[in-house]
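Visitor: Line by line, the protein sequences give chains A and B.
Heads up, the first sequence is in the working numbering, so the first residue is 1 and it goes up one at a time.
Heads up, the second sequence is in the working numbering, so the first residue is 301 and it goes up one at a time.
Derived by calculation from the structure, the hints in this document are not laboratory data.
Careful: at least some of the hints might be erroneous.
[To be verified] Below, simulated BS3-like cross-link-like pairs (lysine-lysine); rule was C-alpha separation at most 30 angstroms, straight line:
no. : chain 1 : residue 1 : chain 2 : residue 2
1   : A       : Lys111    : B       : Lys313
2   : A       : Lys74     : B       : Lys488
3   : B       : Lys488    : A       : Lys111
4   : A       : Lys208    : B       : Lys313
5   : A       : Lys127    : A       : Lys110
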Amino acid sequence: MPPTIEVDDLRKWYGDVHAVDGVSFAVETGEFFGILGPNGAGKTTTLELIEGLREADSGEIRVFGEKPWPRNAKLLPRIGVQLQASAFFERLTAREQIRTFASLYGVPPKKADEWLGVVGLEDMADKRHEQLSGGQQQRLSIACALAHSPDLVYLDEPTSGLDPQARRNLWELLRGINDQGRTVVLTTHYLDEAESLCDRVAIMDHGKILELGPPASLVRDLDAPTRISIETGTISIEDAKALAADADVSDDEVSLTIATRTPAPVLSGLAERDALRGLSVRGGTLEDVFLNLTGREYRA
Amino acid sequence: MTGFVSLSQAMAKGFMRDKTALFFTILFPLMFLLLFGGLFKSSGADKTDVIQVGSVAAFDQIPASARGELDKVLAVTKSDNRDDALTQVRKGDADAVVEQQGGTVIVHYSAADPVKAGTVQGIMQAIVQQGNLTAAGVTTPAMVLQGQQVEDESLQPIQYMTPGLLGWAVASGAAFGAALTLVSWRQKKLLRRLRLSPVPLFSVISARVAVSIGIALVQAGIFIGIALLPYFGLHLSSDWWAFIPIMIAGTLAFLAIGLLAGAASKTPEAASAIANLVVLPMAFLSGAFFPLEGAPGWLQSLSNLLPMKHLVSSMQDVMVRGEGPASTLPAIGILLGFTVVVTGISALLFKWDDI
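Full structure from sequences and hints, please.
Guide: Okay, structure coming up:
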């Protein structure tokens, strides 16, 4: 089966700014694909090119084997879009919003109403969208994107601006969408989000894809040190350094942190000394991958 | 028709729940109608106030049949206090004081209002001569004067204002509706969301047109309904309904203006400022608020370039001047032509996105 999305050497520039600078990738059917990068990396432009909102300066895009630009009516019923800003009709209630969007695709109102239940907004059905919280608006926006049961869903930074609890709730919802067999393409500037949701992630910066693969293997390939932290004062810094040859020890007066690539002897050594109070073990993250790729700290 | 019905519903609901829009589209023009309709209502029949001091034989001798005619133009009150009566004339509270000393009828008047002064002298002159003729025994005068009224071409204020203000209200409702919808939908990314749905752009535009025409019809219903109340006393001509096609053509023309204002601006504030800048001066220059008959020639020629002038004067023609439906055809043609040109320009400026 051909990939759902194929992108080959895509370029888009605004004046001298290369917003998208030679991007190639493919998204398989049923995949949860993430485009990760800091603001201004070119994620949204890439997504807009694939959606067919903008014309590429060069390169090829195929979605379900079709070109998305110019506006391709064959493609539109098969894709669902959640845009960065919450694009709603003014002064309509949640139910009216979803019914209006559904009707644009010929979906009857009854069927549309079911989606409010899926995203957990039945109680809010008669509230106007302005009265919903940020998380509820995003849920409604996602419901509106899904109302016609598209095969492919684009989500542009769906959790930006939400509090941590609302983000986690939304993640559950997004996983569910993907579990039903839909292909999902998500842009995000949250590393943890990409790590937690995506089957594969493309890390973008300055319009280029720096790395592409499953988050776990990107982290594993990085060979980043494991960080083992315990409460300050449990053992001395000298003792900690003696636990492993490559141990890099730091103490911030709250926790003593040992960074090492050989965590096993360090952990057993700490256990022998009965020095496990406040233990936490943290492996490498996509943050480390980004740091390694760009030589700079990740700042969303 | 995909999406047309639901988009129209969404827009209509959004409009009806927007108190500001409702106020400016329906209530605000209505306030103008109530205000001007009430203010100018009594400007027509204004009698001349005369105070009669003491006995004036010329008045008292008038036969009852002639008295009725006289009462149409003169309001005579009697007073015994001569000084007080003269003071009233000086202050402008009364127009004249009439007294008789022997064979002389004296009229005291103020020159501040030459029209009233002339009127009262003319009337008194006639009364005195009538008295002299009677005294001379002339029963069959050599000449008689007969007054005959012609059809009044100048309109009563309410006749003029109802189509004028309605034309202005419909024009600004359409222009603001289109401008604000376009800009706020673009700003909120709703336009690009719609672009990514299978709904044709034509459906989106027709929905806006349908809602604006609906609003115009509601405006017209309320306007005419109120102006027809006996208090305001609007009289519609027989083919008054012919204003509906011309009003719809006007709605299209001003939707196009709003579309242009919306295409040219980035924020709703800018769009509404541009729409205001176009529509409000145009209302003054097009005779929507007051007649242009007394305006200088260059202004009248200028007004012929403005779509609102054609909208308003054509609506006046069929609603109150008694012209037939066919008289609206040139104006409808002009307005539709205007619509096509302006829509073409806004299509060139149109952007789906801010960026």
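Visitor: Provide an ascending list of the numbers of those earlier hints which the structure does not satisfy.
Guide: 4
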